[in-house]
Amino acid sequence: MGRTVVVLGGGISGLAASYHLSRAPCPPKVVLVEGSERLGGWIRSVRGPGDAVFELGPRGIRPAGALGARTLLLVSELGLDSEVLPVRGDHPAAQNRFLYVGGALHALPSGLRGLFRPSPPFSKPLFWAGLKELTTPRGKDPDETVHSFAQRRLGPEVASLAMDSLCRGVFAGNSRELSIRSCFPSLFQAEQTHRSVLLGLLLGAGRSPQPDSALIRQARAERWSQWSLRGGLEMLPQALNTHLTSRGVTVLKGQPVCGLSLQAEGRWKVFLGDGSLEADHVISAVPASVLSGLLPAQAAPLARALCAITAVSVAVVNLQYQGARLPVQGFGHLVPSSEDPGILGIVYDSVAFPEQDGSPPGLRVTVMLGGSWLQTLEARGSVLSQELFQQRAQQAAATQLGLKEPPSHCLVHLHKNCIPQYTLGHWQKLEAATRFLASQRLPLTLAGASYEGVAVNDCIESGRQAAAQALGSEPNS
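For what it's worth, full-length UniProt numbering labels the leading residue of the sequence shown as 1, then goes sequentially.
No lab work stands behind these hints: they were computed from the structure.
The beta-carbon is built from N, C-alpha and C at its ideal position, and this holds for glycine as well.
Since no wrong hints were added, every one of them can be taken at face value.
Simulated restraints on C-beta separations:
id	residue 1	residue 2	range
1	Glu222	Leu388	37 to 43 Å
2	Trp128	Ser372	26 to 32 Å
3	Asp51	Gly254	26 to 32 Å
4	Pro25	Pro185	30 to 36 Å
5	Thr376	Gly293	21 to 27 Å
6	Gly103	Pro354	24 to 30 Å
7	Gln428	Val170	20 to 26 Å
8	Thr376	Lys253	33 to 39 Å
9	Glu222	Thr242	25 to 31 Å
Could you build the full structure based on these sequences and the hints that come with them?
Right, here's the structure in full:
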């Protein structure tokens, strides 16, 4: 009888794991179990007035590097090439990003020339920060907060404005708590290997072999900064679902997992609300904290490591305005915590993807709210109403972008615990989990945003690697 692999979680990581399992030369029986009634996790696209597309989660995928290329290869394998909307290298959304500081928008310098020019909100040209970076000795600690790392190597202004904003934009997190080693491994490795981040990034870590396809070559030739899909990014999980069904994968929706137990013969029993499944191997693509509550008593050390990986909530407010114009053209802007503890940034959706504006076209922007402001409200048990988030978002759009008329359309969604926080020492939690899985030879593989990257590309790659591990002859090989 063939092996059975059960995949927990139907977000993009679980879908990717199931996809790669189903395409193995001798595929196992694959069962994908999702607790909610829909697949795709945080990737969700909805239609609004005039068929406009609104993204409630991720809204663009970067094509850079081996991971970006692998995702584009997946897009081609799913037959989605004709649906791709690229942002080419010469486009304003690729070239222009802004910081909102001191009540004004400031363009971040781009290109070599920009480093030598005065660039508010920084008090002097960033060339000087670069010079400091090149002459700063290598750090000796095995990990460091992003803020400490940036302040040591680039100075206090870059740390408190640029890196603070970047951590809020990517992780909705606090740069004084997040780990440089886990959040920005390329910067950490560059310092370790080349003593300097700038030297390390210039010299590179050596190009890893990349897959090849017509779409990948096009993205490289046109220097895409990001891409989406005509009907929204949710087309990707929808296409994966269709593909899985066609390959005989069993997809169970609306089936929350209640617990896992290890049978005498080393197989798993997966308990669902109204029954159970047996599995030779389990791939968990649910959040680490969720998995920690499902594990049996004999996996208590693993549960302890996983429950220490926390996550933060983000409120996403999609706004559409008729007859309005932005004061600048670009991808969007970020807001440092010193400027506004609640507004993380605003994405100018219509600049990057005007094809999704609908008919008649309306200006679409997305305001992201979170940070210490939201964490404080949650800790107090405050009422988190849609009106509160809408009011905060409209106020930000009016103040920061001059969009003072009321929007013609508004969507508000609070995503609870949606972005894992790789805080200082995160790598030790991963090491503890890996050590336990190896020593106990547990037929369990971890995938998803809780571990080694929160971007869509990272999640897809974690699913691919989990599938490869589950297909290996040895557990955790």
